[in-house]
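Chain residues, written in single-letter form:
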Amino acid sequence: MAFTRLAETGRPPVAFTVDGIAAEGCEGDTVMVALLTARGHLRREEFGGTPRAGFCMMGACQDCWVRLADGSRIRACTTPLSPGMDIRIDTPEDTWPTLA
Amino acid sequence: MADPRVIVLGAGPAGVRAAQTLVAAGLRPVVIDEAPRAGGQIYRRPPPGFTRSAAALYGTEAGRATAVHEAFDALKAQVDYHPETLAWAIWDGVVHAAKGATALEFPYDALLLATGATDRLMPVPGWDQAGAWSLGAAQIALKAQGCGIGRRVVFAGSGPLLYLVAAQYVKAGAEVAAVLDTAPKSAQIRALPGLMARPAVLAKGLVLRAKLLRAGVPVHQGVTLTRITGSGEADGISWRDARGAEHHIAAEAVALGWHLRPETQLADLAGCALRLDPETRLWLPEIDPDGRSSVPRVYLAGDGARLLGADGAEAAGRLAALAALQDMGRPVSAAEQARLRREIARMDRFRRGLVTAFPWPAAQAAALPDETMICRCEAITAGEIRAAVTGKGAKEINRAKALSRLGMGRCQGRFCGVAGAELIAAAAGCGLDEVGRIRGQAPVKPLPVAATPEGAA
Ligand SMILES: Cc1cc2nc3c(=O)[nH]c(=O)nc-3n(C[C@H](O)[C@H](O)[C@H](O)COP(=O)(O)OP(=O)(O)OC[C@H]3O[C@@H](n4cnc5c(N)ncnc54)[C@H](O)[C@@H]3O)c2cc1C
Ligand code: FES
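Those protein sequences? They're chains X and B, same order as listed. Sequential numbering of the first sequence, starting at 1, is according to the working numbering. Sequential numbering of the second sequence, starting at 1, is according to the working numbering.
Mixed in with the good hints, there may be bad ones.
[As the list claims (entries may be wrong)] Partial chain X-side listing against chain B, Cβ under 10 Å, derived:
1) Glu-8
2) Glu-46
3) Thr-78
By construction, these hints were calculated from the structure, which means they are not laboratory data. For clarity, every value in this text was computed on a predicted model and none was experimentally measured. Think of the CB as a built atom: it goes at the ideal place given N, C-alpha and C, for glycine as much as any other residue.
Based on the provided sequences and hints, a complete structural model is requested.
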């Protein structure tokens, strides 16, 4: 389930969108924290479509890449949230084409 | 003659003390680190604008954390510092790095690798769900972002960090549903003589245990983890106690870790020999007592070479820098070297105590049920790995990798490789030394797609 903020809660808000819906994080958040304080996963795994949220939080496992509206990909645990980010998660194009 | 070009790769406690030692000898080393701020894992600094004090962030280690940060801040004008720069390969005396989309090349006369460690993981059925995290992740969320990975968390695995991070969560106001340690209590009692090499650290560990007990956190030792439950997102963990009784605990998130494994990919690419350490069952770079690798002019220090803890990393960083200076024909203090070697020897006795206290559960890893997802990146199960061994005769891990895709995914085997090797060894009926290790491969982490040589764009 979702992350819970336990400290440093007095930071100014930062607005962004997920799948076109308005969302809010805090200044200094990573993209991962901004997303996972509101939802349980970051992406769907390529093979079975199961939800994934990341694993190591230190840039080692590469389980947390998410897509931006412009098609670029970012590693959510090491990328700071910036105002107006337009993140795509449950949009269908994000699942890799299956070869079957 | 121009000054030798020395690169320190990694700005954790080991790298910072190495850089400081080189600067004190009149050199201007290049310092490369992929993190935006120096400090490394344990002394990781939150982003600007966060307000918790060093005491709140680092607890009993606040003094050492501040000392390492201040030492590096004072050095900044005297080193060629490249933060947010990923070193992704080493070939023919050149470190290849990328900062954003810019490719950088750093030729060196001497290279000091201080790349640290990552969590050592054993897959548990269901660990591929959202909400299962590494223990390190649980700590980073709290330290660097002020977040818990959930409101109610189970900490499972073994090792000193298991109890430390659980206690940090209690202190921060999260609910710790349980600490599940796969190591039996008897192992911890057996380890006491070794742990007495650092009585103050042992005492801190015992205080942590007492704090967990006082907070009413259930601590179970000698457990077997059977499944992280949930339907896509984790909702608890099932486990078996030392007597064989089954239990389940509900939780919003589960943190898993079995101490650490050194990050050795760059050492491997630099050509350094690695050897299987029978006690930890990990492949470790070969080093002499001062940190010289098997390759001339390449030195190793800190968690990336031996898991001596943060103070041990500081001492090893200094000693490896002195070795590099000595090999360049610079004067070094033999007394200082002798002192550092003694300090490291003491920390190594403690390290071995930890290995005894919190053993890697090799037998549990080897016995994981066939349906367990071993490789989270490529969705490879224990059964598929066993089939590659028994059906196709692949007992060497790189061959098993080619046949089963184990360790071929984006994490390059960092999180599945250790347990994968245990599975292969058990299925093939051979030792880990015959199984070998997944070879380091460039790029050691994914590069931004458009990394172009500096000045070329
Ligand atoms: C997640 C985690 C949590 C820990 N928590 C604690 C704790 O609470 N208490 C404790 O006593 N010990 C803890 N440890 C152990 C402790 O971190 C170490 O003993 C100590 O930090 C080791 O210092 P080091 O300098 O060897 O490595 P690190 O501190 O890990 O520093 C290594 C540095 O190298 C950089 N690096 C690695 N690879 C590359 C690359 N390819 N390119 C560029 N830069 C690179 C990293 O960014 C990092 O800054 C923890 C370890 C981990 C992994
Ligand atoms: S969570 Fe592992 S790389 Fe981001």
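Going through the hints against the structure:
no. : hint   : in the structure
1   : Glu-8  : holds, 3 Å
2   : Glu-46 : holds, 8 Å
3   : Thr-78 : holds, 8 Å
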